[in-house]
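Visitor: Going line by line, the protein sequences match chains Y and F.
In this text, residue positions in the first sequence follow this note's numbering: the first is 291, and each later residue adds one.
In this text, residue positions in the second sequence follow this note's numbering: the first is 378, and each later residue adds one.
Treat the hints loosely; a few may be bogus.
[As the list claims (entries may be wrong)] In silico negatives: residues of chain F with every beta carbon more than 10 Å from chain Y:
1) S405
2) E422
3) K436
4) L489
[Claimed, not checked] Pulled a few chain F residues facing chain Y out of the computed Cβ check, cut under 8 Å:
5) F423
6) T426
7) A430
8) F449
[To be verified] Examples of chain Y residues lying across from chain F (beta carbon under 7 Å, computed):
9) P298
10) V302
11) G306
12) L333
13) G353
14) Y354
15) G397
It should be emphasised that the hints constitute simulated quantities derived from the structure, not laboratory data.
Every value quoted in this text rests on a predicted model; they were computed, and no experiment measured them.
We put the CB at the ideal spot given by N, CA and C, even for glycine.
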Amino acid sequence: DAGITQSPRHKVTETGTPVTLRCHQTENHRYMYWYRQDPGHGLRLIHYSYGVKDTDKGEVSDGYSVSRSKTEDFLLTLESATSSQTSVYFCAISESPSGSPGELFFGEGSRLTVL
Amino acid sequence: EDQVTQSPEALRLQEGESSSLNCSYTVSGLRGLFWYRQDPGKGPEFLFTLYSAGEEKEKERLKATLTKKESFLHITAPKPEDSATYLCAVRPLKGGGNKLTFGTGTQLKVEL
Numbered sequence: 291d292a293g294i295t296q297s298p299r300h301k302v303t304e305t306g307t308p309v310t311l312r313c314h315q316t317e318n319h320r321y322m323y324w325y326r327q328d329p330g331h332g333l334r335l336i337h338y339s340y341g342v343k344d345t346d347k348g349e350v351s352d353g354y355s356v357s358r359s360k361t362e363d364f365l366l367t368l369e370s371a372t373s374s375q376t377s378v379y380f381c382a383i384s385e386s387p388s389g390s391p392g393e394l395f396f397g398e399g400s401r402l403t404v405l
Numbered sequence: 378e379d380q381v382t383q384s385p386e387a388l389r390l391q392e393g394e395s396s397s398l399n400c401s402y403t404v405s406g407l408r409g410l411f412w413y414r415q416d417p418g419k420g421p422e423f424l425f426t427l428y429s430a431g432e433e434k435e436k437e438r439l440k441a442t443l444t445k446k447e448s449f450l451h452i453t454a455p456k457p458e459d460s461a462t463y464l465c466a467v468r469p470l471k472g473g474g475n476k477l478t479f480g481t482g483t484q485l486k487v488e489l
């Protein structure tokens, strides 16, 4: 199994509070991703990183920010959580897209509930 | 805009009853089509990559095929342990990283 750890695994918070989810990898992969999964929508890309301090937006990036100060850690921050951000968040990693396009390794997920 | 549609949404099979799952896609140039398996409460697990029409990949009881508009995941003589949600995703030729567009999945239940 790929060495990916997400924390926390479960969190309940209130509207308007900041939330940070952490993804830690031990594989030294260059690319890291944050997806959210909701019924009826499937997995949707929030942000991704292609190196330390190099990040880009996905299709549902509004309300989210990310940071990557070390190869192994990718943080997802909700500055002011809203109920629409209640979801299951998955971190994924991959090697070079040219070598193995589409082969992502996913973490176990972080279930976030915003009341 | 890239789109992936999977059908059926849910499928219930008896053990040994073969069937196929469908993934229809529209993409502005296909870099690759990917199948994943997801067990309840877990992250998706990579199964196959298909690059071009006519290509096939096999793994145990699963075989994935690809045409210019759709992909099929054939399940031969399934067992209860094949029960999971199967996800299809595409990556377009343009764009950086491994930015995939996923379908909503087919939830497969195999019963004894």
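Visitor: If a hint holds in the structure, say so; if it doesn't, say that too.
Guide: Each hint, compared with the structure:
Its beta-carbon lying about 15 Å from the closest one in chain Y, S405(F) satisfies the requirement of being farther than 10 Å from that chain. Non-interface call for E422(F) relative to chain Y: violated, since the shortest CB-CB distance, roughly 7 Å, does not exceed 10 Å. Listed as a non-interface residue, K436(F) keeps its Cβ farther than 10 Å from every Cβ of chain Y; the least gap is roughly 14 Å. Even its closest Cβ contact with chain Y, about 28 Å, leaves L489(F) beyond 10 Å, as expected for a residue assigned away from the interface.
For F423(F), the suggested interface contact is upheld, since its CB lies about 5 Å from the closest CB of chain Y, less than 8 Å. Checking T426(F) against chain Y by beta carbon gives a least distance of about 5 Å; that is within 8 Å, so the hint holds. With a least beta-carbon distance of about 17 Å to chain Y, the hint placing A430(F) at the interface is violated under the 8 Å criterion. With 8 Å as the threshold, the beta carbon of F449(F) stays out of range of chain Y, its nearest partner Cβ sitting at about 17 Å, so the hint is violated.
For P298(Y), the shortest C-beta to C-beta distance to chain F is roughly 15 Å, which exceeds 7 Å, and the interface hint is violated. For V302(Y), the interface hint is violated, since its Cβ never comes within 7 Å of a Cβ in chain F; the closest pair sits about 17 Å apart. At its closest, the beta carbon of G306(Y) sits 29 Å from a beta carbon of chain F; the interface hint therefore is violated under the 7 Å criterion. Against a cut-off of 7 Å between C-beta atoms, the interface hint on L333(Y) holds, since the closest Cβ of chain F lies about 4 Å away.
Interface restraint check for G353(Y): the shortest CB-CB distance to chain F comes to about 19 Å, outside 7 Å, so the restraint is violated. A distance limit of 7 Å between C-beta atoms decides the matter here; for Y354(Y) the minimum to chain F is near 16 Å, and the interface restraint is violated. At about 5 Å, the closest approach between the beta carbon of G397(Y) and any beta carbon in chain F falls short of 7 Å, and the interface hint on this residue holds.
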